[in-house]
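Student: Below, each chain spelled out in residue letters.
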Amino acid sequence: MKFQSKALLLASVSAVFVVGCASLPGSADLDKLTADIVKASFRDEGIVKVAVLDTDETNRVCSAADVAGKPLDSATAKAIEAANLKSIKWPSDGKFLGDWKEGEKLAQSGRGLTWTDDAKTPNGANCYNCHQLDKKEISFGTIGPSLYNYGKLRGVTDPGSPEAKAMLEYTWGKVWNSKAYNACSNMPRAGHMGILNEGQIRHIVALLLDPQSPVNQ
Amino acid sequence: MNRQLASALTMAACMVFGFAHAQKTSVQSIEEYRAMLQDGNPAELFEAKGEDLWKQQRGPKKTSLERCDLGKGPGVFKGVFLELPRYFADTNRVQDMESRLLTCMEVLQGFNAAEIAKTPFGKGEQNTITALATWLAGESKDGKFNLPQQHPQEKAFYEVGKRLFFQRAGPHDFSCASCHGQDNTRIRLQDLPNLTKNPGDGIGFAAWPAYRVSNGQMWGMQQRLNDCYRQQRFPYPGFGSDATIALGTYLGVNSKGAASIAPAIKR
Chain Z
1 MKFQSKALLL ASVSAVFVVG CASLPGSADL DKLTADIVKA SFRDEGIVKV AVLDTDETNR
61 VCSAADVAGK PLDSATAKAI EAANLKSIKW PSDGKFLGDW KEGEKLAQSG RGLTWTDDAK
121 TPNGANCYNC HQLDKKEISF GTIGPSLYNY GKLRGVTDPG SPEAKAMLEY TWGKVWNSKA
181 YNACSNMPRA GHMGILNEGQ IRHIVALLLD PQSPVNQ
Chain Y
1 MNRQLASALT MAACMVFGFA HAQKTSVQSI EEYRAMLQDG NPAELFEAKG EDLWKQQRGP
61 KKTSLERCDL GKGPGVFKGV FLELPRYFAD TNRVQDMESR LLTCMEVLQG FNAAEIAKTP
121 FGKGEQNTIT ALATWLAGES KDGKFNLPQQ HPQEKAFYEV GKRLFFQRAG PHDFSCASCH
181 GQDNTRIRLQ DLPNLTKNPG DGIGFAAWPA YRVSNGQMWG MQQRLNDCYR QQRFPYPGFG
241 SDATIALGTY LGVNSKGAAS IAPAIKR
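Protein sequences, first through last, are from chains Z and Y. Numbers 1 to 217, taken from the working numbering, label the letters of the first sequence in order. Numbers 1 to 267, taken from the working numbering, label the letters of the second sequence in order.
Calculated from the structure, these hints are not laboratory results. Remember, predicted model here, so these are calculated numbers, not experimental data. Mixed in with the good hints there might be a few duds.
Said to hold, decoys possible - Listed next, the in silico DMTMM-like pairs over lysine to aspartate or glutamate satisfying Cα-Cα at most 25 Å (straight line): (1) 123/Y <-> 45/Z; (2) 118/Y <-> 117/Z; (3) 165/Z <-> 198/Z; (4) 136/Z <-> 191/Y; (5) 49/Z <-> 227/Y; (6) 123/Y <-> 44/Y; (7) 78/Z <-> 44/Z; (8) 89/Z <-> 158/Z; (9) 70/Z <-> 183/Y; (10) 123/Y <-> 227/Y; (11) 118/Y <-> 44/Z; (12) 197/Y <-> 154/Y; (13) 123/Y <-> 117/Z; (14) 49/Z <-> 115/Y.
As the list claims (entries may be wrong) - Covered by chain Z, according to a simulated footprint, are these stretches of chain Y (three or more residues, beta-carbon under 8 Å): (15) 151 to 162; (16) 174 to 188; (17) 243 to 256.
Unchecked claim - Simulated DEER-style distance windows between Cβ atoms: (18) 217/Y <-> 214/Z: 32 to 38 Å; (19) 181/Z <-> 227/Y: 27 to 33 Å; (20) 197/Y <-> 89/Z: 39 to 45 Å.
We put the CB at the ideal spot given by N, CA and C, even for glycine.
Okay, chain Z solo, but in the shape it has when bound (with noise of 0.2 Å):
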């Protein structure tokens, strides 16, 4: 931190007290000293930049929601859920289902763009951190709900039958941008914010829905 801005800091600091004197300042300057005080901490590393703490509305809202500790409205839910549908891509070759193999290595992985990965580093998906899905994999994590079967559970015997296009759409748009279903869902917008690409999440809706996936046995 250089000076001048911890000097700044400071100054802002006591600006907050001048104000609410004795008494715990108001909930608009508290947001405004923690905006300064995230300012003045934060550097970039590596291959991560203090841009990306400038994140977009649909995170401002759900923090605010989560500091409040109460759930968002519906029609707030309604909206931020609406506008991230909008952004989804979806495969430019209407082709949703990838290897399920390739799928599973992704899922495995937990790696990518923190500071001490270079920009080389293959970004992981994550999945396993947070769910079950091949039963023979026993080192997972259950912040998300598990996925062991689940094209099975949802009656996914051909995924390339008429029947089952609104379930091979819907897996592809939450693996792309799960906000688009879940306000505030804790899962990462794997497409929206590039973690992976159109071929990668090819690969993680066959992990979920080939009939032939470990997940699905």
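We have chain Z; now place chain Y onto it with these hints.
Tutor: Same frame as chain Z, but now just chain Y:
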């Protein structure tokens, strides 16, 4: 304001009568491993080094840290760990253990604080701070956390820390709460404490500094938070920066009444 105060009081009351979670089966083997290692936690070596560094005449001024004020007056080292971060009038800011030690090293011993803050963890005088923090944590072992929240800046830092805890950003939209906002969840097989409330004795804030068996390193709270931010895909938080101190204040106040096991041993 009154409502805020009331809810803060309710929260504090909840924390006093907080939960002490039973150990879970998924980490039982790790817990056993830890228990086995407790007999000889390598953190003891850092504690011994820290105590020595406290008394040694060091730095350009060739002075010891024995007049360092960590919140309970110059030279008092018992119990200070349980009340940090707190407000310090001489620096006019809220400081945690490590940033306060850095202030003492600068003021009493004449070290260049900015240089040390820029030094990577595990190198040079950063090792001094880690050893000192480890020893000081040990001097408060088994005591219960009770961070002061009287000064307006302490209250504000709690509120800022809460906002930082829930700040979603970066390519993955992660906040601290993505992993530490619910009960009974894990990443892979690693159990995650819910840090929005008192997670229990020796869990979360009450377990650092800790010796990490997996990489053979002694980590203070600053490094613990730094690595959380790394995994969160956030940019680099400065050593002793206000963001890390505010976050520490939020975690520490939430841990009110929790017994400290620091220096702990981790996988």
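Student: The structure should be examined with respect to each hint, and the outcome stated for every one.
Tutor: Here is what the structure says about each hint:
1. 123/Y <-> 45/Z: The given pair, whose Cα atoms are some 18 Å apart, holds under the 25 Å limit.
2. 118/Y <-> 117/Z: Between residue 118/Y and residue 117/Z the Cα gap is close to 20 Å, so the pair holds against 25 Å.
3. 165/Z <-> 198/Z: holds (18 Å)
4. 136/Z <-> 191/Y: holds (20 Å)
5. 49/Z <-> 227/Y: holds (16 Å)
6. 123/Y <-> 44/Y: Since the Cα atoms of residue 123/Y and residue 44/Y sit roughly 19 Å apart, the hinted pair holds (cutoff 25 Å).
7. 78/Z <-> 44/Z: violated (35 Å)
8. 89/Z <-> 158/Z: holds (23 Å)
9. 70/Z <-> 183/Y: holds (18 Å)
10. 123/Y <-> 227/Y: Roughly 16 Å between the alpha carbons, so the hint for residue 123/Y and residue 227/Y holds.
11. 118/Y <-> 44/Z: holds (13 Å)
12. 197/Y <-> 154/Y: holds (18 Å)
13. 123/Y <-> 117/Z: holds (21 Å)
14. 49/Z <-> 115/Y: holds (22 Å)
15. 151 to 162: holds (count 7)
16. 174 to 188: holds (count 12)
17. 243 to 256: Satisfied; 3 residues make the cut.
18. 217/Y <-> 214/Z: 32 to 38 Å: Because 37 Å falls inside the window, the suggested range holds.
19. 181/Z <-> 227/Y: 27 to 33 Å: holds (32 Å)
20. 197/Y <-> 89/Z: 39 to 45 Å: holds (40 Å)
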